[in-house]
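Chemist: Sequence:
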Amino acid sequence: MKVKKAARNLKGKNFYVNEQHPTEIEDRRKKLYPLMKEARRNRANKVIMVRDKLYVNDVQVIPEESEFVFSSDTPHRPPRPRHNKRQRVGSSTGSAPDQNDDR
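Residues 1 to 103, numbered by full-length UniProt numbering, are exactly what the sequence shown covers, in order.
The reader is advised that the hints may include incorrect statements.
Stated by the list, open to error - With a cut-off of at most 20 Å between alpha-carbon atoms, the simulated SDA-like pairs for lysine to any residue come out as follows:
(1) Lys30 / Gln20
(2) Lys5 / Arg51
(3) Lys30 / Ala44
What the hints contain is simulated information worked out from the structure, not anything from laboratory work.
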């Protein structure tokens, strides 16, 4: 990850950093690039490509389904909660009620 973060230092130089994927994934990504470009024409769309999957407005796009419409009318589902994150804990410096209070 350090290499990808440091890649911005190469801006304007004759070098670049690119992700490497197996050829199977690269082939699937090639099919998704035109769909991604079309979806990005509407700036209201949230477009993300993760490995070999394309998500438009948090809905996965499958290239075989050519009837997919990229518009802001696409039903928006809230993102799924991540279960691998720790729960937030309130601050101990705040004005919390006293622990020994018997109300």
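Chemist: Determine for every hint whether it applies to the structure shown.
Modeler: Okay, the hints, checked on the actual structure:
About 14 Å separates the Cα atoms of Lys30 and Gln20, which keeps this hinted pair within 20 Å; it holds. Using a Cα cut-off of 20 Å, the hinted pair Lys5 and Arg51 holds, with the two alpha carbons roughly 18 Å apart. Taking the CA atoms of Lys30 and Ala44, the gap is about 23 Å. The hint is violated against a cut of 20 Å.
Hint 3 from the earlier list is the only one contradicted by this structure; the remaining hints agree with it.
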